[in-house]
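Protein chains: 4
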Amino acid sequence: MAGSTIGNLFRVTTFGESHGEGLGVVVDGAPAGVELDEEYIQEVLDRRKPGNNPFATKRNEADKVHILSGVFEGVTTGTPIGMVIYNEDQHSKDYSGIMNVMRPGHADYGYKVKYGIRDYRGGGRASGRETASRVAAGAVAKKILGCLGVTVSAYTKSIGNIEIDYSRFDLAFAYEDPTVMPDREAAMAAGEFLEKCIKDSDSAGGVVECIVKGVPAGVGEPVFGKLDAELSRALMSIGAVKAVEIGDGVAVTGRYGSENNDSFFTRGDSVYKASNHAGGILGGISDGTDIIVRAHFKPTPSISKEQETINEKGENVRIKIKGRHDPIVVPRAVVVSESMVAITVLDAIMINAVSKIDKLKLTLE
Amino acid sequence: MAGSTIGNLFRVTTFGESHGEGLGVVVDGAPAGVELDEEYIQEVLDRRKPGNNPFATKRNEADKVHILSGVFEGVTTGTPIGMVIYNEDQHSKDYSGIMNVMRPGHADYGYKVKYGIRDYRGGGRASGRETASRVAAGAVAKKILGCLGVTVSAYTKSIGNIEIDYSRFDLAFAYEDPTVMPDREAAMAAGEFLEKCIKDSDSAGGVVECIVKGVPAGVGEPVFGKLDAELSRALMSIGAVKAVEIGDGVAVTGRYGSENNDSFFTRGDSVYKASNHAGGILGGISDGTDIIVRAHFKPTPSISKEQETINEKGENVRIKIKGRHDPIVVPRAVVVSESMVAITVLDAIMINAVSKIDKLKLTLE
Amino acid sequence: MAGSTIGNLFRVTTFGESHGEGLGVVVDGAPAGVELDEEYIQEVLDRRKPGNNPFATKRNEADKVHILSGVFEGVTTGTPIGMVIYNEDQHSKDYSGIMNVMRPGHADYGYKVKYGIRDYRGGGRASGRETASRVAAGAVAKKILGCLGVTVSAYTKSIGNIEIDYSRFDLAFAYEDPTVMPDREAAMAAGEFLEKCIKDSDSAGGVVECIVKGVPAGVGEPVFGKLDAELSRALMSIGAVKAVEIGDGVAVTGRYGSENNDSFFTRGDSVYKASNHAGGILGGISDGTDIIVRAHFKPTPSISKEQETINEKGENVRIKIKGRHDPIVVPRAVVVSESMVAITVLDAIMINAVSKIDKLKLTLE
Amino acid sequence: MAGSTIGNLFRVTTFGESHGEGLGVVVDGAPAGVELDEEYIQEVLDRRKPGNNPFATKRNEADKVHILSGVFEGVTTGTPIGMVIYNEDQHSKDYSGIMNVMRPGHADYGYKVKYGIRDYRGGGRASGRETASRVAAGAVAKKILGCLGVTVSAYTKSIGNIEIDYSRFDLAFAYEDPTVMPDREAAMAAGEFLEKCIKDSDSAGGVVECIVKGVPAGVGEPVFGKLDAELSRALMSIGAVKAVEIGDGVAVTGRYGSENNDSFFTRGDSVYKASNHAGGILGGISDGTDIIVRAHFKPTPSISKEQETINEKGENVRIKIKGRHDPIVVPRAVVVSESMVAITVLDAIMINAVSKIDKLKLTLE
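Residue numbers (the working numbering), protein chains in the order written: chain V, 1 to 365; chain P, 1 to 365; chain H, 1 to 365; chain G, 1 to 365.
Treat the hints loosely; a few may be bogus.
One copy or two, it doesn't matter: identical chains are merged, so the pair holds either way.
Said to hold, decoys possible - Calculated pairs, PhoX-like style, for lysine-lysine (alpha carbon to alpha carbon, straight line, at most 25 Å): (1) K49 - K112; (2) K320 - K143; (3) K213 - K199; (4) K196 - K322; (5) K361 - K305; (6) K196 - K305; (7) K213 - K361; (8) K143 - K112; (9) K361 - K199; (10) K112 - K361; (11) K320 - K196; (12) K143 - K64; (13) K213 - K112; (14) K320 - K305; (15) K322 - K213.
Everything labelled a hint here was simulated from the structure, so no lab data went into it.
Just chain V, same shape as in the assembly (with noise of 0.2 Å):
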């Protein structure tokens, strides 16, 4: 089935291949009004780029996004916005040796099976390359919830074994450090963890964190649209992503619900909770406080250590995998994360703006 589209009323479709011509991504539904420009895509798409990134591929990528659509005198006009960055620095023959092999922790094997064909050139469509398509549909779902005073924010939590605790430093400096981690001394300590497992021909994983502030209370559809649920489909939806938490996550398990219940209070005529175990969800509709979401990364399946696999003939073959590979993929992947949780809030936005038949009426002046 059509597997590269997501969302309902604010909705994407993405398309493109690491060794292709380009990358893309359709983006329909946008509100019209809406201050839009390449200039503030390319911005964010930015982020997301090895650049001087030293735990980063050194695949040296413009990632220039062309604007072709939807957008008018620099404001959207409602109509799908399409967007393409060209692939330019593909070393495509850096892929001959693994063309006929399956890589452990790989789509290979899957696609191979499920396709018959497989573009084996940087894990084609499977390629983190493809989350550049993400970044910018999220750069557009940003704005909009900036116009709506929603934020979205995110940073590295862990490296390895080594985590933070976001609460205690400013996430305005995450990007200061090539970890993405706004802890500085933390953020040393996972460049050196990094450059051991670069020399041992290994690699990393890790954990993002988002936190989406200025969500009011009522968003998100139950039973099976839940926001949560959506969130979850959102976040395991980029590769390399095993494990997602709402809230206080697995951590609740082992609570009693005494300690686990978040108290609501009001003061003058705002609703509290006196905690947020929840992470902002419950029953799978927002309660108006931050949203808190987690999203757990393996360690870059590509590593240049000698491994065991079979090849496209079914014989068991040892490989050691070349290329310009991330040692960890977290780092680029906050801004990925960052995207998906944008665009999920918004699409939820949009869909409650009609929950309550006073609302309705609202908008048909």
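Starting from the structure of chain V, add chains P, H and G where the hints point.
Using the frame of chain V, we list chains P, H and G on its own:
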């Protein structure tokens, strides 16, 4: 938006509130030619019943399922299967005490803000009772999967901090204990822990693990309809779930790539993996090995301990929740989780049926 | 695929066969806060009943609707509205004569090839009886549209070759005649024509026209979700419909552009059109004038005249179809058409609520 | 809502405006293993080009298609096929005269009210130019259908009041005349009629008929995803279409059932029908005979005759529309209609692949 539908080719739509007339589900897209009757559905549904389970609500519902359509002479006809379960043992007056109160850990507040009105009786649509519809649909999915050689099993992996490793036990025994833990010793300890929770007017959480056997490689639709993404959404849509893991889940972030990759190898004509950290899914596509997913459930939010919260007028109040509540949802959620996994896997298998032109040709005879 | 669901934000899923346990429908996405009760739904449903209509089947069904969910204290709650109508007056044995026969003009052959099995009793799912579910859902849609100042009306425009021009009559009188033609003289002629059809063991076709008033300009989602495209799909999904027209429909092909264009003009603050050949929709978007659509129904295929056809073994046979069939479906299809139009228009209005960032902001208060 | 996507398993998403950077389309869900290249797509696209057609716009676009993804070594890979067509010959200044005017018969007014902003250049998204994306997608669908033994052909059935009966001619010759009418005599008369329209600063309408051969019985998903319902939606979504007919369409309403029913009969092992008034679809499911549909196109609304209308300020004004417009859209709409039919039929065939458990088993090997 209409959030009560899940699935594409195999599509499930549920309705019903805890204390309304009844619950129901429409299963649309079930392939024709599969034997199905009420007795079988009932048998699966009964695994969700509180019955004589000491750790479950005392509400005594027969949960008798009625098939209204889609089955003719004991066989599915390809038309939608409508099923209804009438509510019988409703003690709506139990809820008069909380009708104006926003219970902590519940969706009350979100529903109120979202819709302006809510059926406060027993949580209305947000009640765990809603999952009866899911189990009826899941039973249909499991029946069809059975025809395809696919089995879905689940069990209680942990209650509070008591955790078991299923590989050492026989899942067939899971239902012999009210905890649905297939390890007699652990089950006994868990039982004692739950009795303490009841005595303390408190509640507990836990983990359900599902294992799917027999799914061929190639199932799942990148990049947004990946099999793990769809499974995450399906499981996270169950009330009380706060985290979902695929394979080794959160554990992978602390590993090296060389530890985490599963090596492929062949023996005879078959492809195997030396380990299954990935939980049977790589790049969002099944790899032919067992699919393993876990859902983390928070402690039941309804506790009879006194809690602080607000009422509908926005006043700060204190409540003790009365009524007939489960001190833990996990044992009854086992079959619910299993159902959501079955629904999702079947839909994905059906979609994958047309991935290649050669397969599509086969179906045209 | 699951073909029994229509709509996006306002989503309708039906189930049920002519001679199964019952029919039903789930209306998901209805905005909360709208008054609704069984009496009102019943009243609309009764317009579809054969009743004492001499031109309708003698099958005598009470078609009593039961609301199972989604309504609390007389008001919609935003949760799915499940409704069931039990079958009562089934004469399944009437069908023993045709159980192995593929009736001409019916879906028997298609169902048999598609599913390998079919519920032959009364056409099973392909029966006109299935439309009771649509009407129950349409009643909900009409109720909500009423809150928004939108009305949907329909009437019999033609029976056989007897056609009327509704602008000369009062639609309110349509239901005074069993033909649902709001022109007494034409209705009488049509009645005589239908009596002749019955005497001749034959059947007749006709046209239903729907007029929607009060839809603001701007509704409809180009390029594939255009309002006229969605209306066409909705009407063509009614059994027996073979053509759909918007506005002047087929007549436009013989005109010059200068004749067919509707001039806009303003008077005071309002925009008007000098004519409405377009039927209120331009480029797939409503233009604020009356929306006019027509559905063309073929003659009832069940006739008691002898016909040639084949049986399930593939033998050539002759049949005379017995049972209780309508000599024309049009009068009973009026409310069905109206329902499909109401469902479609409401969904489109809800979707349009988020077309502009300013409107979206309004809904966030 | 995101209205620019159509299809379920075979899903098409388009973007682009008449005078923006370019047009594009994402074809997601195409089965892997089908030969495809730009030359073939271009060839189909060229049938939509104004070229040296005297009855088409003088805008001279190369309409060169670029495949950006989804094809590897000349074969589809199962991943989304992204295609882009850049705009080149834009004379945006042609539109300065109408930038503030709501053209009669156009979507200008609807877009303005809906979105608050519109790209007035050449109609923006509402331009007929948008259909280039549909044709590129339709070419892919036709290629895949070819592998399955299904062909979709279309031709101009009428221009103004000049109508032909295709059964007497060879459709292969349709493209030999700029009218795409496969009847030399009628084509000549139509040509003269169109020259008169041009001379009179006026425009004309007409009918396109599509014939689909080779679709097996059983395709179509009752009750809302019926094959005729989906075809109606697909064709009505083309700008300028005001009516859709299946088989004998509007003609059936004046007939007796005994005249309109198509008798089945068998000869050897095959099932035939003695007539095909139904147009190959009964009860929304294909019956194995030719599928016949017609789309009725209104006269081009852009005419250079003076017309009365309003401007964006709401003032009554008079306009003569300049620019390079087609006096009739029908000949160029033939391949567009064919494309929409091909997309719809392929999607329906793919969905039908899992209608029976036995067929589903086949695809699991």
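- Which of the numbered hints are not met once you compare them with the structure shown? The structure breaks hints 1, 2, 3, 5, 9, 15; every other hint is satisfied.
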